Amino acid sequence: MNARNEGWLYVGPATLFLFLVMLVPLAYVVYTSVTTASGDFSLASYQRLLSSDLFKRTLLTTFQISIVASLASLVLGYPIALHLAKQTPRKRALYMVLVLVPFWTSILVKSYAFTVLLGRVGLVNQFLSFMAGSSVQLPMLFNRFGVMVGMTNYLIPFIVFPVLASLLAIDQSLYRASEIMGAKPPRIFFRITFPLSLPGVAAGVLSTTVMSMGFFVIPALLGGRQDVMMSNLVDFYTRETMDWNMASAIGVILLGIVTLVAIAADQAKRFGSRPGVPA
Amino acid sequence: MSSNSQLNPGRRRFFQTTGAGAAVAATTAIGLPMLAVPRRASAAERLVVVSWGGTYRTAVEEALVRPFEKEYGISVTLVDTPDLAKVKAQVMTKNVEWDVFDAVGPMAMTGSKAGYWEPLDPALFDQKDLIAPMTKEAVPFYGFTGGIFWDAKKYPEGKAPQTFAEYFDVKKFPGKRTLRNRASETLEIALLADGVSPDKMYPLDVPRAFKALERIKPHIAKWVDQTPQTTTLVETGEVDYSYTYATRAKASQESGKPTQFSFKQNLIGLEYLVVLKGAPNKAAAMKYVQFAMRPDRQAALMNLHGNTPASKKARGLMKPEISKWLSDPQNKNNLLSNDAWWADHYDELTLKFKEWVLS
Chain A
1 MNARNEGWLY VGPATLFLFL VMLVPLAYVV YTSVTTASGD FSLASYQRLL SSDLFKRTLL
61 TTFQISIVAS LASLVLGYPI ALHLAKQTPR KRALYMVLVL VPFWTSILVK SYAFTVLLGR
121 VGLVNQFLSF MAGSSVQLPM LFNRFGVMVG MTNYLIPFIV FPVLASLLAI DQSLYRASEI
181 MGAKPPRIFF RITFPLSLPG VAAGVLSTTV MSMGFFVIPA LLGGRQDVMM SNLVDFYTRE
241 TMDWNMASAI GVILLGIVTL VAIAADQAKR FGSRPGVPA
Chain B
1001 MSSNSQLNPG RRRFFQTTGA GAAVAATTAI GLPMLAVPRR ASAAERLVVV SWGGTYRTAV
1061 EEALVRPFEK EYGISVTLVD TPDLAKVKAQ VMTKNVEWDV FDAVGPMAMT GSKAGYWEPL
1121 DPALFDQKDL IAPMTKEAVP FYGFTGGIFW DAKKYPEGKA PQTFAEYFDV KKFPGKRTLR
1181 NRASETLEIA LLADGVSPDK MYPLDVPRAF KALERIKPHI AKWVDQTPQT TTLVETGEVD
1241 YSYTYATRAK ASQESGKPTQ FSFKQNLIGL EYLVVLKGAP NKAAAMKYVQ FAMRPDRQAA
1301 LMNLHGNTPA SKKARGLMKP EISKWLSDPQ NKNNLLSNDA WWADHYDELT LKFKEWVLS
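Taken in order, these protein sequences are the chains called A and B. For the first sequence, the working numbering gives the first residue as 1, with consecutive numbering after it. For the second sequence, the working numbering gives the first residue as 1001, with consecutive numbering after it.
Derived from the structure by calculation, the hints contain no laboratory data. This structure is a prediction, so every number in the text was calculated from the model and none was measured.
Okay, the calculated bits of chain A under chain B, using three or more residues with CB under 8 angstroms as the criterion: (1) 47-58; (2) 107-114; (3) 225-232; (4) 237-248.
Here are a few chain B residues that sit away from chain A, every Cβ distance over 12 angstroms (derived from the structure): (5) P1067; (6) D1129; (7) I1131; (8) F1173; (9) D1205; (10) K1250; (11) K1287; (12) K1319; (13) K1324; (14) K1332.
Note that beta-carbon positions come from the ideal geometry of N, C-alpha and C, so glycine has one too.
Make the full structure from the sequences, and use the hints.
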């Protein structure tokens, strides 16, 4: 009882703060989504959305892009975290700064750089043409591939840091013990390192997926005509047609789906971590 | 404020002495409300103008804001990025902070329909001097010129499309192109390309426009959302020709790129000035809008950012090296965007266009 009271002391201020800056506005968004301009209750905007092909296609694309971008970032970011975990603290601090480099330039500038690299006469294609001895023009921009390059470039740090935290939390004696018992590195990785880093992986994948769903500029700059994200529609309803009813309804639907996914992931994690994993 | 007092000492001193006198009178009379007097004094000499950022902002500051402060003794706060959603929030919560708003055509018209603007007194402006008629609440501020842009090193004169019909002619001018990822401008371009004459453009023949767009769709490498890409894609060789604006083309050339912009056929869109409904400094706002439309101020501003002044007289006052970037008002091929028509069709056609682009 006492401990619980003390807990409130620590969590209380943050809860109150979040209640004011998160829950109150969120409640207003939900309220707006079910209210017409004249103030009556109505689910019309939900009905309009669910019968709109544009909305359904955009929703599907948004999920595809977000999930694939998040997984691609995991594949690229995990080895980086693994490497960082093996460094001395001083070197690690330096490398961590390097991981943050993508944040130093604006996406508009980066999109220009990506065009120079990945364009039809860009450096990558020039190199491939040189190697192949004939003209190669791989389409790497203004399609899904371009979107993935841009998004992973931005998302990798959000994978590296949680995974790194999980890796650093692993008790070093576990490695020593397994080596003494004669385990080879691959076995150590799959039996110890990877399972114990899963909380970081889950946190990283979940947060990057959710973040990606709000992306707007990267797909607009590097994607093709079909790579439209939901935020694009929200922007249209919020700032161009002033139909906040519809914009809020989209927000509520997205939030609902993301919450469900997060709950499902949490359940799966609990279920998965029950048997046999050393605590 | 300090530069203000330096530039116009007489007026400043007048304000200071009257302000101080009033304060003394007030304190002796009622004894308390020191606060009320400075607030009233400052309310009379302040103004908030919302405008675009970057070099645009610097130009507005130099050509409008500073001369206005000097002439009227009203201090102006310049805020970046006109956002209609923020206007809606301010009007809805009756907490209006902005006075003057610098709006692109569709934005100004949507705002009119929603009742966000104060009516403007037509007597403030020389109606015969305007390149396009003002509406009840919005006065045209300048015109921006859309047209075809290409790399002149790759495509010398005659090898690049220069009218929209040529832009849609992929046999004669093969290569990748861009169009904007929006219904306005793009539908007009398609109809111009399909042979609709500019004077018969509105109301738009929407099915015909989409049919023409269907023809060009496979040759559009990028449906551009972010305006800077309209020029960078040509500069990096990613596309062969692009639809962009004269000001962007001018910036590209000035940075040393061998690019070229066509004035054979242009689409002219309008930017408007409006005043927010319930603006806290309405009187000053009206003065500012009138000031911004004066031919000498129009010329000064357009000399800096290279758009077409809404005041016809301003054209003659501009520097010749800038005037060559203005669209030709005599050119019968040019089309002036009809924002009033768009106001009634913008939402519906934008959704239709978005669906079409996805399919």
